[in-house]
Amino acid sequence: VSINASLLQSIRLRLGRSISPSFGTSTHVGDLYEAYIFSLVIRAALNEGAVPELGGSLTFRDPDDQLTTDLLFRRSPGQIYATTQPYTHAVIEFEGKPPLEVHVGIKVIGRLKVQRECDIAVLYRDRAIACRAQRRIPKAAEVVMAIECKHIEDLDLDAASEFLGLTSDLRVKESWFFVASGDSAGVARMLANDRKEWHHQVVPGAPNNVNRLMYALQNGFKNFQAKH
Amino acid sequence: MTEQDYQQTYQELVTMLQDLQLGWVIERVELSVPSDLSGYFDEAQRQAETASTQAVLTKPVAKMAQAQLLRLIEATERIVVDTTDMEGELVNFLAVQGERLNGPISLGFVADEDTVTVPTMIDVSPDRRQAATELRQFLQVLRQEVMAGVD
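From first to last, the protein sequence lines are chains A and B. Taking this note's numbering, I'd label the letters of the first sequence as residues 1 to 228. Taking this note's numbering, I'd label the letters of the second sequence as residues 1 to 151.
Isolated chain A (complex conformation):
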């Protein structure tokens, strides 16, 4: 029995109407995925007390540290001190704790003294301000949490190897997260054996996976608060 032609026609019609005019390339979808994971970091921080009722706050700011409501993210990795575009970062404050900043797609320097990309980086705010003032690249030790975002359906072992190399070079303070839209038993095994924090199939259609990541991020913020 061959496939029903009307089924294929229905798919064709819906496919055309579902496509985002702005996110039609692999790179653009990757940007969108990073923004989506950024939104989960923000939600996790709010859940852990970055709200006025608990003495905290969470704002969005531009490179001049001015409040903004027009969030603008990078299409490719760049420097934290870049002023070519008014890129946005979030400022998180927990009561009585050092403030933090959340950046998307910035370069960080590690033990090997080469620039590496952090898809999402949570840094100490005073260090981030110093980096912008001195036009220098943040050091891994100034990063509290970092997230590698992979919008790939078929993860291969290279992705896991690259991640292990990245985390070996960039030793962040609290934790690294490997977050992917797809999954792979091999990648999971590799990262689990190396005691890495990994999250597969983190997409809106898989709420259990999204919640699991949210709780892990909240745990990261909880530990940060406990240590400071």
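None of these hints come from the bench; they were simulated from the model. Fair warning: there could be bad hints in the mix.
[Claimed, not checked] Now the stretches of chain B that chain A is said to cover, found in silico as 3 or more residues with beta-carbon under 8 Å: (1) 5 to 14; (2) 22 to 31; (3) 68 to 80; (4) 86 to 99; (5) 103 to 111; (6) 120 to 133; (7) 138 to 146.
[As the list claims (entries may be wrong)] Some chain A residues close to chain B (C-beta under 8 Å, calculated; not the full set): (8) ASP31; (9) LEU72; (10) SER181.
Virtual Cβ for every residue (Gly too), placed ideally from N, Cα, C.
Chain B: place on chain A using the hints.
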């Protein structure tokens, strides 16, 4: 269903994606061969080496075509539907943040090299969300039909 049926459906999907400038989705599927398919490829090669000129389509070859088609269906669903879902989630996120910060919030993307800041903005209409929901349902029906195809 025969190998030819799978290939024909695969080609139909390929044409749809190419018409919408989504050839990269096909490339992703064709570039990566999961390890669980390697056995089928080995079997297909063995058959090709030993088959007569009137080769009979056998189960492993049909299964390989089936698996490849299933992977394309899954990639299409993940990339097209998930993208709409993510945009929808971000629109909701911006609405919540706007409420929290007492003003509308927008989200866009821009590159360093862009000389004029005209960011790509997040926007997902109810029609697109509806189309994506229906697309997911139709792709699930297609997946079920394809999975039921090889005895």
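Cross-check of the supplied hints:
Beta-carbon proximity to chain A at under 8 Å applies to 5 residues in the segment 5 to 14 of chain B; the threshold of 3 is reached and the given coverage holds. Under the rule that three or more residues need a Cβ within less than 8 Å of chain A, the assignment of the segment 22 to 31 of chain B holds, with 4 such residues. A stretch counts as covered by a chain when three or more of its residues have a beta carbon under 8 Å from one of that chain; for the segment 68 to 80 of chain B and chain A the count is 7, and the coverage holds. Residues of the segment 86 to 99 of chain B with a Cβ under 8 Å from some Cβ of chain A number 9, which satisfies the need for three, so the listed coverage holds.
Taking a C-beta to C-beta cut-off of 8 Å, the segment 103 to 111 of chain B contributes 9 residues in contact with chain A, enough for the three needed, and the coverage statement holds. Residues of the segment 120 to 133 of chain B with a Cβ under 8 Å from some Cβ of chain A number 9, which satisfies the need for three, so the listed coverage holds. Evaluation of the coverage hint for the segment 138 to 146 of chain B: fulfilled, as 6 residues show C-beta separations to chain A shorter than 8 Å, against a requirement of three. Checking ASP31 of chain A against chain B by beta carbon gives a least distance of about 5 Å; that is within 8 Å, so the hint holds.
With its C-beta approaching chain B no nearer than about 5 Å, LEU72 of chain A sits inside the 8 Å limit, and its interface hint holds. Hint on SER181 of chain A holds. Least Cβ distance to chain B is approximately 6 Å, under the 8 Å limit.
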